[in-house]
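Residue numbers (the working numbering), protein chains in the order written: chain W, 216 to 422; chain H, 79 to 225.
Treat the hints as calculated values from the structure; they're not laboratory data. Every value quoted in this text rests on a predicted model; they were computed, and no experiment measured them. Just so it is clear, CB atoms sit at the ideal spot from N, CA and C, and this is done for glycine as well. A couple of the hints might just be wrong.
To be verified - Not the full set, but computed from the structure, chain W residues with beta-carbon under 7 Å of chain H:
#, residue
1, Thr270
2, Val273
3, Arg278
4, Ser283
5, Asn320
These are the residues of each chain, in order.
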Amino acid sequence: MLQKVLLTMCSFVVFTIVLTGCTQEAPRHVGVDNPDVQAVVSMGLDRQDFEKAATDAVNSLLRSSALSKPDGGRYVVAIGRIVNDTTQRIDTDLLVRKIRIEMLNSGKAVVTSAVSASGNDDQIIYDTRNLRDNDEFNHDTIANKGTLIAPDLSLTGKIIQQTKRVDKNALVDYYFQLVLTDLKTGYVTWEDEIIVSKVGDRKSVNW
Amino acid sequence: MGKFYMILVFLLLFFAGCSTSSLESVAKTNPSIILEDKSVAKWLEVENANSVIRQDGLVELEIVAKNSDSKSRIFTYKVDWYDANGFTIQSITSKWKIVQVEGKRGVIIREISPSHDVINYKLRIGTPNDNDKKREQNVNIKEYRGD
Chain W
216 MLQKVLLTMC SFVVFTIVLT GCTQEAPRHV GVDNPDVQAV VSMGLDRQDF EKAATDAVNS
276 LLRSSALSKP DGGRYVVAIG RIVNDTTQRI DTDLLVRKIR IEMLNSGKAV VTSAVSASGN
336 DDQIIYDTRN LRDNDEFNHD TIANKGTLIA PDLSLTGKII QQTKRVDKNA LVDYYFQLVL
396 TDLKTGYVTW EDEIIVSKVG DRKSVNW
Chain H
79 MGKFYMILVF LLLFFAGCST SSLESVAKTN PSIILEDKSV AKWLEVENAN SVIRQDGLVE
139 LEIVAKNSDS KSRIFTYKVD WYDANGFTIQ SITSKWKIVQ VEGKRGVIIR EISPSHDVIN
199 YKLRIGTPND NDKKREQNVN IKEYRGD
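Just chain H, same shape as in the assembly:
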């Protein structure tokens, strides 16, 4: 029951933060979103954000965002999943990912917790460092054609 209420609080904060499209304002009102580099907020706008605890106990989150710049942009993100004791749960899915978004196009981030032991998460959003540029990984890129 404690887990349910904790997630409910985060969900409420999440939806409260979704009333505007500014990534920075969403991050301010939602402790689960951490903006590692505020410069991303200048061009990445959040159009929709959803988080749900499924019946099977897994936590699923989805963020639909759009690149407001006319140029193609790159950002990075990572989801850290936490158990009831506050320990991170290791998973191959919990790695920094580099996402490229074409100018004026959208991107969908969809992640699911690796275990039903997860009761909390932190979504970290930033920009690639020099090492990321070396890796040039483009994984889990989802794009959709916006209006």
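Next comes chain W alone, as it looks inside the complex:
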């Protein structure tokens, strides 16, 4: 009898411990700059990595004067191909969008949505021009022919990953390579390479 009681109590205690361990933390909002969130670092590309690459690229680009037009106006920049040469599925917009925002805010450049090699073009630009044949629309409100502005520069790039395993550790280097090209001459007017390196247990890297 005593053994049964003890067994029941032990089972109850174990059951309680197991259930407690299975409870999940309720979802909650966290701030973008929350240090607890930023402290979570993976061997892959995290948000902080894209921010660092974009920050360094913008600093380098503005310091280079490549966006300083001689007459003081603004360059028109088209976004070209940003190649993902890593083993991860990355939307390169995570990098490019930040750079685009800073270019626009600098007052030195505008980005065109009419031409893009990265899928950033806005199809509505062309859809509205197709309305010229549609009599339902007031033709005075439709953009005239010859109003689109061709880009002066293009921004292209590549994200490369190199993984090395040494003893119990793995070192992963990410190379963010960006190039700004003058579309009239083909000259490269700016380029830079930003490196993000991570070290971790080799078991955490299975790619």
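Here the structure of chain W is known, so what remains is to put chain H in place on it, guided by the hints.
Chain H alone, transformed into the frame defined by chain W:
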């Protein structure tokens, strides 16, 4: 023209403050440099400080400093950029950055204004708080081998 004279005044104060290598003395004579934590001045010496308004209207600043301690040290800095109305201009480049400097080695801080609307700036220098230590970000670290 008003913007030009304002920046010129700051430049003069900047160069006046650069005659010594003490970060604290540079901060005292230059209102654009704010020492959030005076303990940094005990080991971080300013060797050279430059600030220029470029022809394209962007403000570029560079500070070359050295860790006088034999141990590796960490400090934080942030640049706030202001427009003509005194409002800060938001930018991804205007965030607190943590910089590690090896013992007896140098560091270069190079920043550029995010817009030609910038007419003033404040460079804040401090030490990492507990949250910064959690983040352990090391961005924009520039080092050079000093003599």
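Please list, smallest to largest, the hint numbers that this structure does not respect. none
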